[in-house]
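Line by line, the protein sequences are chains V and Y. Here the first sequence stands for residues 0 to 300, numbered as in numbering that gives the first Met the number 0. Here the second sequence stands for residues 0 to 310, numbered as in numbering that gives the first Met the number 0.
Derived from the structure by calculation, the hints contain no laboratory data. Remember, predicted model here, so these are calculated numbers, not experimental data. Glycine is no exception: its CB is placed at the ideal position from the N, C-alpha and C atoms. A hint or two may mislead.
Lysine-lysine pairs mimicking DSS-like chemistry, simulated, CA-CA at most 27 Å apart [what the hints assert, rightly or not]:
id, chain 1, residue 1, chain 2, residue 2
1, Y, 72, V, 78
2, Y, 194, Y, 209
3, Y, 209, Y, 287
4, Y, 72, Y, 173
5, V, 224, Y, 237
6, V, 144, V, 2
7, Y, 32, Y, 209
8, V, 118, V, 78
9, V, 224, V, 210
10, V, 176, V, 49
11, Y, 32, Y, 194
12, Y, 72, Y, 42
13, V, 210, Y, 306
14, V, 210, Y, 108
15, V, 144, V, 176
16, Y, 194, V, 118
17, Y, 237, V, 118
18, V, 47, V, 144
19, V, 176, V, 47
20, V, 233, V, 176
21, Y, 72, V, 80
Computed, partial: chain V to chain Y, Cβ under 10 Å [stated by the list, open to error]:
id, residue
22, 67
23, 120
24, 123
25, 198
Spelled out from the first residue to the last, the chains are:
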Amino acid sequence: MAKGQIVAGCLAPHPPHLVYADNPPQNEAYSEGGWETLRWGYQRLARKLKNIDYDAIVIFTPHWQTYIGTHFLGLPEFKSKSVDPVFPNLFRYNYDLQVDVELSEAMRDAASQEGIITKMMTNPDFRVDYGTITSCHLLNPEWDKPIVTISSNRNTHYYSPEVMIEQATALGRACAKAIEESGKRVVLVASHSLSHRHFVEEAPLPEDMSKEHIYNHSQYVWDMKIVEMMRDGKSREVIDIMPEFTEQTIAETEGGGLIWMLGAMGFPDFPAEIYGYQSVIGTGNVIACWDPNDDTREYVL
Amino acid sequence: MSETNEPEILFGIYCPPHPQPLLSPEASEGYSKLRAAYDECRKRIEESEADIILVYSTTWPSIIGHQIQALEKAIWTHVDDDFHYLGSMPYEFHMDTEFAHSMKENCEKRGLEARTVEYEGFPIDTGSVVALQLLNPDNRIPSCILSSNMYSNRSETIVLGKAVRDTLAQQNKKAVVVVVSSLSNRMFTEHIDPKEDRIHSQKDDDWNRKILEFFDDGRLEDLSQLSRDIHGQIRVQKVVAYKPAWWLAATMGQHNNYDGEVLAYEALHGSGGAVITLTPSTGSVGDKEFDEDDVEFYRGDRNVLDKGMLE
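This is chain V alone, in the form it adopts within the complex (with noise of 0.2 Å):
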């Protein structure tokens, strides 16, 4: 058996109202569209992962959260209806997905034999989260690929950033192990936002452009930096600022998804492909991935 590898990484923010603006079936919601920045990007990166052979995206999320250890979707399939508990208005969204069991079951154990506190989510009443809805639908319209979505653990508040980024690499390690170890070609996805500080009122018409910016000029300034490292490859470098940006811009980051991607990828010298900035009810998002293949990587924006 070949080996199993990661063939992309994709950072990729789950504001529902992405999906909310594509208007998809699924969703019961309606709209006029929006926040075309980031769903035009999101396109174009769908269209990369269409061209690119895998089997199984593995998804890290914010909005499964966990304190007790990390843990793993654990059954072959979910179908139900996801309500945003924030944003009811705009995602309401009936999901029928495929889970890669094996693949789930072989990261467990890979994180179990590496300390970690694990557990297998085997409740099939189990509602599976928005965010994983949303960044899965955006990234693979067609849901033609089984998922596993990885909880967060929620060491930044327990403990604190620093112990975070020990545990998150720690786990992206575990990962990285188990696929190389499945044979399978697999695209991680982190879920998550850069700076997060939301307005608290919205428009009428949340689509209205006209009222959508960044929270602060701090945030923005924050998420460039940020966007610029990954621009120039210094994936290391953005771990390790992570604490401060984390603390500074309230950021999403906190979560771990995209340390533990990068950690999985064995934080990447390489440029990250960059496919939109918008900010979406006050928050930072950035759409990149990082394409470990030298001949397909590109410089997209």
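With chain V's structure known, arrange chain Y on it following the hints.
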């Protein structure tokens, strides 16, 4: 409404959000005691003349202002993110939609951003599900659930409590008010044998017991004033502040005149779980006055960042 034009709040309940008392009360003596305390509260509610059960849940965070559950019949099967292996929680809750809509209007009159949510399949949070399943299992009394805005702080939370009072008084409804919150909220980060459950640290236990003394004495306003200290000492810093005591005190009238009763205090995977009742009474306890301003209307951000800058 009482003769003094004040809302009639029959009693308040403080209870924990974790699912063990609902799903696995037999797993430990402590969980059984918490379940028995919930059952006692259920009995007292049944014997009361309450028209509505009003829940403020710390496990329902909101961002766009304050969300108010308004779906007449909320039906779903809930599964907890951490404790999914304990089982599913099917529920059907009947909401007081009239209250919910008036509550939104009264929030707005006091300067708060607020909205009702009325969506089939809306994910009612673990804490609300546990509390309503155990306190009002047959929907004998309609309920309403309020979210906890993740960015709100003291003034906003106190004004939210006052909007509750406005609405109850307007509608002439007698209420039981329920706060769903742990005391100390640090859980063990590994799986444990429930029989070996204990409070995560001596410090958490010490603080919890001091808070319980205040509750037992009916000193709710004193606890409200101590909220910032409590947040710093025994709360994992997931949100900006420890808000339940602010909300409960503001909703129940901002004083210390209650008969407090601690029905149970036990560990829930390391966190402090207590079931407490507070019944309005005539006697007052405590000898403190406070200099934090009372607030009637929420004016939002003060735009400090934009003031005082040199041109």
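Residue 47 of chain V and residue 144 of chain V were given as a pair; does the straight-line alpha-carbon distance stay at or below 27 Å?
holds (15 Å)
Practice prompt. Verify the proposed pairing of residue 72 of chain Y with residue 80 of chain V, using a straight-line Cα cut of 27 Å.
Written response: With Cα atoms ~17 Å apart, residue 72 of chain Y and residue 80 of chain V stay inside 27 Å; holds.
Are the Cα atoms of residue 176 of chain V and residue 49 of chain V separated by 27 Å or less?
holds (25 Å)
Review point. If you draw a straight line from the CA of residue 233 of chain V to the CA of residue 176 of chain V, is it 27 Å or shorter?
Key: holds (23 Å)
Would you check the hint for residue 144 of chain V and residue 2 of chain V, treating anything up to 27 Å between C-alpha atoms as holding? holds (20 Å)
Given the hinted pair residue 118 of chain V and residue 78 of chain V, is their alpha-carbon gap at most 27 Å?
Answer holds: residue 118 of chain V to residue 78 of chain V is near 21 Å, not above 27 Å.
Inset, instruction - Below or equal to 27 Å on CA atoms is what counts here, so check residue 210 of chain V against residue 306 of chain Y. - result: It holds: about 23 Å lies between the C-alpha atoms, which stays within 27 Å.
request  = Double-check residue 198 of chain V for me: the hint is only fine if its C-beta lies closer than 10 Å to a C-beta in chain Y.
outcome  = holds (8 Å)
Quickly compare the C-alpha distance for residue 144 of chain V and residue 176 of chain V to 27 Å and report which way the hint goes. holds (21 Å)
(Q) Can you confirm whether the C-alpha distance between residue 176 of chain V and residue 47 of chain V stays at or below 27 Å? (A) Holds. Residue 176 of chain V to residue 47 of chain V sits at ~25 Å (cutoff 27 Å).
### Query
Is residue 72 of chain Y close enough to residue 78 of chain V, meaning Cα to Cα at most 27 Å?
holds (22 Å)
Taken at face value, is the distance from the CA of residue 118 of chain V to the CA of residue 194 of chain Y at most 27 Å? holds (20 Å)
Hint check: no violations occur; every hint is consistent with the structure.
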